[in-house]
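Peer 1: With the sequences and hints as input, model every part of the structure.
Protein chains: 2
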Amino acid sequence: MNIGQAASASGVSAKMIRYYESIGLIPKTVRTESGYRVYSHHDVHTLRFIRRARDLGFSVEQIADLVSLWRDRERASKDVKAIALDHVHVLERKIRELQEMALTLKHLADHCHGDSRPHCPILEELASEDPLPVHVKTDAKFGALGKA
Amino acid sequence: MNIGQAASASGVSAKMIRYYESIGLIPKTVRTESGYRVYSHHDVHTLRFIRRARDLGFSVEQIADLVSLWRDRERASKDVKAIALDHVHVLERKIRELQEMALTLKHLADHCHGDSRPHCPILEELASEDPLPVHVKTDAKFGALGKA
DNA sequence: TCTTGACCCTCCCATGATTGGAAGGTTTAC
DNA sequence: GTAAACCTTCCAATCATGGGAGGGTCAAGA
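So the protein lines, in turn, are chains V and G.
The numbers in UniProt numbering rise by one with no breaks, and the one at position 74 of the first sequence is 74.
The numbers in UniProt numbering rise by one with no breaks, and the one at position 140 of the second sequence is 140.
Worth flagging that the hints you see were computed from the coordinates, not collected in a lab.
Hints are not guaranteed to be accurate.
Note that identical chains are pooled: a pair holds if it fits in a single copy or bridges any two copies.
With a straight-line Cα cutoff of 35 Å, these simulated DSBU-like cross-link-like pairs (lysine-lysine) come out [to be verified]:
#1 Lys106 - Lys28
#2 Lys78 - Lys106
#3 Lys15 - Lys106
Keep in mind it's a predicted model, so treat the numbers as computed, not measured.
Peer 2: Following this line, the structure appears as C-alpha cells:
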C-alpha cells in the first residue's frame, strides 16, 4: 500500500505520516526500489490508533507513550490510566479557563447596547485600570487558542 | 520610560512589546539618541488594554480591531459587541470540543482497573476499528491544545 | 511505445504567540 | 573606572499541520 492509500485508510494525512516517521513516532517503513513508502494493514492500524489519540487531544509525546504501552503485552493498565487521567486534568483546566473567558465576555457584551452609539462597556472594561471582574485570571500561555 | 519599565507597568513582556511593534499592533515609539525605545503612560495604558484583551483570549488580529475601535470616538458599539460575541462563540465551540474529549476519556478511564494487569479498555478503544463512542467527533485542527 | 495525469519523493516555508539566547552597545550606581 | 543591569537587533525553537516547488515514478489509454 502506498502512502496515499494508507492515509485515506487511516485518516492521517500523507504529510502527517511522513512527519510522524521523521520524529520517530512510527518506525521507518519499507520502501520500494524507487523509494516509495510501503504500508501494511498493521501499519494502518497503528496510524488509526494514533489518529484516535489525536482526536482525544493527546500530544504526540503522550501518544508515543500510549503506542508503546499498546505494543507492550506486559504493560500495567495503571500506566495507561495515569496518562489518560493526567490528560483529563489538563483538558479540565483548559475548559475552566475558557469558561471564565466566555463568562466574562458574555457579561460584558450583555451590558453593551450594541447600537450605533459609541458608548461601550466592553472597551471601558478593557481600558480600565482595575483588575478584570470575577472570572478572569488567565494563564496567558493559553493565548489565542490554536488557529481558528 | 524604558521598555523594561513599560513591561512591568503593563504586564506585557519587553519581548512582546517589540513583537507588537514589529507587526504594527502598536506604533513605533520615539527613541533616545542611543536607540532605546521610550514609552509614555499613555503607551502603557494601551499595552494594558492589549494585555487584557489577550487575557480574554482574543487573537492579535481581533485586538487590532478592538484597539482601533477604542481609539475611534465615533465607533458604533455594535461593532465592538460583534467582535466580542464572535469570540464568545469560538470559545464556546472550543469548550464543547474539550468537554467531549474529557467526557470520553473519563468514561474510558472509569472502565480501566488501573492496576498492574495489562487489560485496558482505553487502549482497546483507541485500537478499535469502530467509531469512537458518543462525544467524540473532533475538529482535529484543535490538536494538542497549545503548549502544556 | 509514447504521453498524460495521478501519484510519490525531499526540501523549505508559514502559521500564532511566545520565549530563549547570542553578540554587542548604553546607562547607572558604586 | 568598572561591573551590573539595562537596552539593541537578529535568529532559532516551540507544536502540529498545511502548502508548494522541483523533480522522479507509475499506470492507463492512444
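Peer 1: Look at each hint and say if it fits the structure.
Peer 2: The hints, checked one at a time:
1. In the homo-oligomer, the alpha carbons of Lys106 and Lys28 lie at most 35 Å apart only across protomers (33 Å), although the nearest pairing inside one protomer, at 50 Å, exceeds that limit.
2. For the identical chains of this complex, Lys78 and Lys106 are inter-copy neighbours only, at 14 Å across copies versus 41 Å inside a copy, given an alpha-carbon limit of 35 Å.
3. Taking the shortest Cα distances, Lys15 and Lys106 sit within 35 Å of each other only across copies (31 Å), while inside one copy they are farther apart (39 Å).
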